[in-house]
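Let the hints inform the model, and build the full structure from the sequences given.
There are 2 protein chains.
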Amino acid sequence: MSAYPGPLKNLLDELKRLPGVGAKSAERYAFFLLKDEKADALRLADAVRAIKEDLTPCPECGLVTDEPPCAVCRDPKRDRGIVLVVEQPKDVYALEALGRYRGVYFVLLGTVRLLDGVDERQLDLKPLERRLRSGEVREVVLGLTAELEGDQTALHLAQWLRPFGVAITRLARGLGPGQRLADAPRSSLEDALLERRPIAPG
Amino acid sequence: MSAYPGPLKNLLDELKRLPGVGAKSAERYAFFLLKDEKADALRLADAVRAIKEDLTPCPECGLVTDEPPCAVCRDPKRDRGIVLVVEQPKDVYALEALGRYRGVYFVLLGTVRLLDGVDERQLDLKPLERRLRSGEVREVVLGLTAELEGDQTALHLAQWLRPFGVAITRLARGLGPGQRLADAPRSSLEDALLERRPIAPG
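Which chain is which? The protein sequence lines are A and B, in order.
Numbering of the first sequence is given in my numbering, commencing with residue 10 and proceeding in unit increments.
Numbering of the second sequence is given in my numbering, commencing with residue 10 and proceeding in unit increments.
Bear in mind the hints are in silico, worked out from the structure with no lab data behind them.
Mixed in with the good hints, there may be bad ones.
[Claimed, not checked] Quick list of in silico lysine-lysine cross-link-like pairs, DSS-like style, CA-CA up to 25 angstroms:
#, chain 1, residue 1, chain 2, residue 2
1, B, Lys-61, B, Lys-25
2, A, Lys-18, B, Lys-135
3, B, Lys-25, B, Lys-99
4, A, Lys-33, B, Lys-33
5, B, Lys-33, B, Lys-86
6, A, Lys-44, B, Lys-99
7, B, Lys-99, A, Lys-61
8, A, Lys-25, B, Lys-25
9, B, Lys-86, A, Lys-18
10, B, Lys-86, A, Lys-47
Computed from a predicted structure; not experimentally measured.
See the structure below:
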């Protein structure tokens, strides 16, 4: 017989949906929560609920926020002249953790659907268009993943952006830190060759 | 700045409490839930809540259940003459998955507190006592972990059980399947030597 009572079985099934979580990890998490203090475990339940109920996309850039506009768009010190276009909120968090970018963002929330082919109807570019029409944007940086889907999206966006007459750039590609040529993926090597830079004379 | 909105930060903190979940895994899970369909993510929140709100210890054996008494204690085919004492519900699930044990269980839910020293006041043995006094129990098998804490608990239970006049046994210890002597933990080798069994003559 299966000794798991229904609620425990359900929790195991839901945990197994998380990326990289198999039966063993799901059991480890579920048994931890089973032994956990009730109030502590319920805080996790509430935290999961809150990101779906209290977060909305920022009307200006699409980044998830609990008080629109988002913290970046609200910040008067950010340079509204540069807009970095990324695929997902987590791309923004990685860049903010770096702390070197002072412009604003535009998050393409629809990217998940790009698997079906690039289709402008699937990308809601209206907030970006409003920003471009305001006349304050000098440069749009495309920060899409260097993969088929990201490249297609970048191409599509570059065409879409042309009429606005702003500078269009993309993030640099090449070898990562410590990356050995012998181990580098073929496309990385290709990028590193194509985007080679002159060395300042000594 | 930290770009994480409050609710996302909270979720990351709660996920990091799960065993073996560091910052990277917490981010992977949180970003998955952020992109997940709302109804799907809320099922996880509800499943966590349900194991704390809908599960209670079985009044007979202590195993968590959503309809007391638990499925094992309810099963008329189980042999109430043998009671296997284990530390946690997950020990029961492992044994039930094996499908070779036909007796009933007693789950020592208080074991977590044994870190402070074995103290009978910390173990609620009343349901076990009721079973013993009913006269149907022939044997109590101690299935505690072969570690300091489990050994102390087993010793304490053996003393507590003596007046009831039932057979007291414990699970066998020794080398695991495929375990090489050279790699075996010292205590495993010791158990394997002490509990060596005669080989039937060929």
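These are the hints, each one checked on the structure:
1. Lys-61/B / Lys-25/B: holds, 19 angstroms
2. Lys-18/A / Lys-135/B: violated, 29 angstroms
3. Lys-25/B / Lys-99/B: This hinted pair holds, its Cα atoms lying about 22 angstroms apart.
4. Lys-33/A / Lys-33/B: It holds: about 19 angstroms lies between the C-alpha atoms, which stays within 25 angstroms.
5. Lys-33/B / Lys-86/B: violated, 47 angstroms
6. Lys-44/A / Lys-99/B: holds, 10 angstroms
7. Lys-99/B / Lys-61/A: violated, 31 angstroms
8. Lys-25/A / Lys-25/B: holds, 17 angstroms
9. Lys-86/B / Lys-18/A: holds, 23 angstroms
10. Lys-86/B / Lys-47/A: Status violated; Cα separation ~34 angstroms.
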